[in-house]
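Here's the letter readout for the chains.
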Amino acid sequence: MNDALPPDLDDELRAALREEADRATSPADAWARLDERLAGDRAARRRGTTKALIGVAAAAAVAAAAIGVWQVRPEDSLQVDVTGDGTTTAATTAAATTVAPPTAPSTTPSTAPAPTTGATILPTTPSTAPAAGSLGALVAVTVDGRLVVVDVASGRELRELAALGDPRVEPVEGPGPNVITDVAVTPDGRRVFFDSCCEPAVGTIFEVPADGSREAEPIAMGTGPAVSPDGTKLAYTAIDSVVVRDLTTGEERTYPDPRATENPLAGQLTWSLDGKRVYYVHTRWGAPTGPVSALVELDLAAERAPRTVAEVTNEVFELPLALDDGRTVSVFRRAVNAGGALGAQLGERFVDTMTGATRDGSDTGVADRVWRPGGAPLYVLEDGRIVSGDRVVATGYRAATW
Amino acid sequence: MAIPATGERAWLEEQFRLHHRDLLRLARVLTGDDALADELVQEAFVRVHRSLVRPRAGAELAYLRRTVINLSHGHHRRLRVARAVPPEPERAAESAEHDAVAASRRRALAEAVRSLPGRQRDCVVLHYYEELSDVEIGRALGISAGSVKTHLHRARAALAATLEDLR
Numbered sequence: 129m130n131d132a133l134p135p136d137l138d139d140e141l142r143a144a145l146r147e148e149a150d151r152a153t154s155p156a157d158a159w160a161r162l163d164e165r166l167a168g169d170r171a172a173r174r175r176g177t178t179k180a181l182i183g184v185a186a187a188a189a190v191a192a193a194a195i196g197v198w199q200v201r202p203e204d205s206l207q208v209d210v211t212g213d214g215t216t217t218a219a220t221t222a223a224a225t226t227v228a229p230p231t232a233p234s235t236t237p238s239t240a241p242a243p244t245t246g247a248t249i250l251p252t253t254p255s256t257a258p259a260a261g262s263l264g265a266l267v268a269v270t271v272d273g274r275l276v277v278v279d280v281a282s283g284r285e286l287r288e289l290a291a292l293g294d295p296r297v298e299p300v301e302g303p304g305p306n307v308i309t310d311v312a313v314t315p316d317g318r319r320v321f322f323d324s325c326c327e328p329a330v331g332t333i334f335e336v337p338a339d340g341s342r343e344a345e346p347i348a349m350g351t352g353p354a355v356s357p358d359g360t361k362l363a364y365t366a367i368d369s370v371v372v373r374d375l376t377t378g379e380e381r382t383y384p385d386p387r388a389t390e391n392p393l394a395g396q397l398t399w400s401l402d403g404k405r406v407y408y409v410h411t412r413w414g415a416p417t418g419p420v421s422a423l424v425e426l427d428l429a430a431e432r433a434p435r436t437v438a439e440v441t442n443e444v445f446e447l448p449l450a451l452d453d454g455r456t457v458s459v460f461r462r463a464v465n466a467g468g469a470l471g472a473q474l475g476e477r478f479v480d481t482m483t484g485a486t487r488d489g490s491d492t493g494v495a496d497r498v499w500r501p502g503g504a505p506l507y508v509l510e511d512g513r514i515v516s517g518d519r520v521v522a523t524g525y526r527a528a529t530w
Numbered sequence: 584m585a586i587p588a589t590g591e592r593a594w595l596e597e598q599f600r601l602h603h604r605d606l607l608r609l610a611r612v613l614t615g616d617d618a619l620a621d622e623l624v625q626e627a628f629v630r631v632h633r634s635l636v637r638p639r640a641g642a643e644l645a646y647l648r649r650t651v652i653n654l655s656h657g658h659h660r661r662l663r664v665a666r667a668v669p670p671e672p673e674r675a676a677e678s679a680e681h682d683a684v685a686a687s688r689r690r691a692l693a694e695a696v697r698s699l700p701g702r703q704r705d706c707v708v709l710h711y712y713e714e715l716s717d718v719e720i721g722r723a724l725g726i727s728a729g730s731v732k733t734h735l736h737r738a739r740a741a742l743a744a745t746l747e748d749l750r
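Order-wise, the sequence lines are chains A and B. Numbered according to the numbering used here, the first sequence spans residues 129 to 530. Numbered according to the numbering used here, the second sequence spans residues 584 to 750.
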């Protein structure tokens with residue numbers, strides 16, 4: 129390990145850094161100052177409801193924009209007030225009402241294009257899509273980062289469930305605001321899970337009842353919550369592992385992925401219809417040929433490492449969705465520019481997880497998508513429209529589920 | 584995993600008592616500045632408090648350490664321009680009576696470590712100061728042990744060049 133160094137440099141480095149550490153002086157009032165700051169935090173939570181904080185942050189953002197300085201810092205932005213006094217309450221599954229009771233079938237999914245703006249193309253309904261039928265409401269994330277319930281029939285917001293931060297607000301320095309990136313709902317429509325990504329070191333998974341009867345509660349550290357089709361399990365990623373939580377008992381099992389020792393997992397999970405497997409995307413950055421992105425299958429019953437089902441180089445997979453034929457997973461491909469930045473979405477790829485065979489679709493412009501057995505496919509397009517079949521349900525969103 | 588209604592402050596105070604000194608020393612190595620080190624460590628505890636979810640038992644120090652390192656990246660971004668100016672030999676005189684030259688050289692070496700690119704700096708500090716293994720460093724930074732080796736190799740090459748300039 130002494131490569132490229134004079135033989136004595138290792139010792140000299142250690143001595144230099146130890147000396148530097150020894151120069152640290154610990155202020156006598158360090159805990160008192162921290163305690164005061166934390167008390168201020170707790171008091172702020174007591175004073176403000178989530179909506180009030182939204183108002184403050186929005187006003188601050190507007191004011192900052194007005195003077196040409198866009199620097200709402202994370203501490204200025206929004207936080208879910210768990211109980212109003214900075215503490216949390218016990219979880220419960222007993223919500224008073226459901227947000228998404230099954231209703232009569234709505235419009236039949238169609239391949240006809242929706243009204244378009246710009247170059248967005250309405251995704252075609254995969255051939256394996258379930259029969260038409262919609263639910264009365266969906267849970268969506270607005271472009272300014274609020275988690276809300278939307279009435280499908282009217283497209284109106286019914287209620288707000290949480291708000292953490294506006295992803296459009298760029299901090300001048302340091303980490304950005306905690307923003308909601310993924311959202312999942314149990315099949316009975318009662319329990320909503322979402323993540324806030326990714327401070328201080330990893331994201332936080334929250335649960336909130338869909339009827340808005342309680343504030344959101346943090347339940348785990350991780351990203352990308354995904355509820356199993358039968359509603360009994362929650363999967364999410366935690367840096368180098370997939371974690372599966374039994375939603376009845378709260379017990380968790382961790383499935384490490386050796387791929388993730390270098391590049392952590394970043395959510396984007398989808399369950400197979402039978403609930404036996406979880407699929408997700410892992411991308412390895414830094415290879416000379418560009419990033420290598422893999423669609424990975426985790427068989428929950430098998431005692432083996434997750435296996436790669438499909439792989440691309442110098443582009444990345446995103447938005448995996450297990451179709452209800454039980455074997456096909458759809459992913460979107462996204463270009464990577466020369467500098468390593470993400471480019472345009474290239475199109476949809478259907479992967480047969482049994483044979484590895486693939487076929488490509490041509491749809492692009494998709495920011496999020498989901499469907500559940502018996503429901504209509506739901507797409508959130510990059511221009512903010514939520515589309516079901518050939519119908520535009522609402523506009524101004526960047527993620528949704530039902 | 585949620586912090587219970589009672590005991591939140593006590594838990595944080597205990598974490599502070601256990602880890603504040605170590606984190607402050609780490610932050611001092613990363614920043615070279617007492618006030619900034621204090622600020623980073625305070626901010627790390629605030630972030631943990633705001634996260635509302637406790638790290639796993641036994642993983643608190645690793646979590647706080649990672650937060651301090653992440654926060655130090657913002658500090659280094661701010662100071663990138665300032666770093667172009669050679670550090671002031673403010674305390675060289677203190678060491679003069681023993682070995683002024685060696686002390687000055689070690690100080691310059693510490694400053695050279697802080698001037699390394701972010702990941703290289705993290706790896707050097709965790710390897711030479713925290714005495715972590717490549718695997719432990721990888722776990723702390725979310726990168727592979729192989730990447731740690733690569734970063735350390737590049738950092739050593741850069742530091743060797745710096746040392747050569749100091750001769």
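Since the hints were derived computationally from the structure, they do not count as laboratory data. Just to be clear, a hint being listed does not mean it is correct.
[As the list claims (entries may be wrong)] For lysine to aspartate or glutamate, the following EDC-like pairs were computed, each having C-alpha atoms within a straight-line distance of at most 20 Å:
#1 A:K361 x A:D374
#2 B:K732 x A:D139
#3 B:K732 x B:D717
#4 A:K404 x A:E431
#5 B:K732 x A:D138
#6 A:K404 x A:D453
#7 B:K732 x A:D136
#8 B:K732 x B:E714
#9 A:K404 x A:D358
[Stated by the list, open to error] Okay, the calculated bits of chain B under chain A, using three or more residues with CB under 8 Å as the criterion:
#10 622-631
#11 698-707
#12 736-748
Backbone N, C-alpha and C fix where the C-beta goes; we use that ideal spot for every residue, glycine too.
For the region 698-707 of chain B, do at least 3 residues have a Cβ located nearer than 8 Å to some Cβ of chain A? violated (count 1)
Is the Cα-Cα distance between K404 of chain A and D453 of chain A 20 Å or less? holds (14 Å)
Would you check chain A against the region 622-631 of chain B, counting CB to CB pairs closer than 8 Å, and say if three or more residues qualify? It holds, with 7 qualifying residues against the three required.
Given the hint that K361 of chain A pairs with D374 of chain A, does the C-alpha gap stay at or below 20 Å? holds (5 Å)
Quickly compare the C-alpha distance for K732 of chain B and D136 of chain A to 20 Å and report which way the hint goes. holds (19 Å)
Hinted pair K732 of chain B and E714 of chain B, Cα distance within 20 Å: This hinted pair holds, its Cα atoms lying about 14 Å apart.
With the threshold set at 20 Å, check whether the alpha-carbon distance from K404 of chain A to E431 of chain A stays at or below it. holds (13 Å)
Given the hinted pair K732 of chain B and D138 of chain A, is their Cα-Cα distance within 20 Å? OK: K732 of chain B and D138 of chain A at ~15 Å, within 20 Å.
Holds or violated: K732 of chain B to D717 of chain B, with C-alpha atoms at most 20 Å apart: holds (7 Å)
Below or equal to 20 Å on CA atoms is what counts here, so check K732 of chain B against D139 of chain A. OK: K732 of chain B and D139 of chain A at ~18 Å, within 20 Å.
Are K404 of chain A and D358 of chain A close enough, with their CA atoms no more than 20 Å apart? holds (11 Å)
Counting residues of the region 736-748 of chain B that have a beta-carbon nearer than 8 Å to any beta-carbon of chain A, does the count reach 3? holds (count 6)
Checked against the numbered hints above, the structure violates only hint 11.
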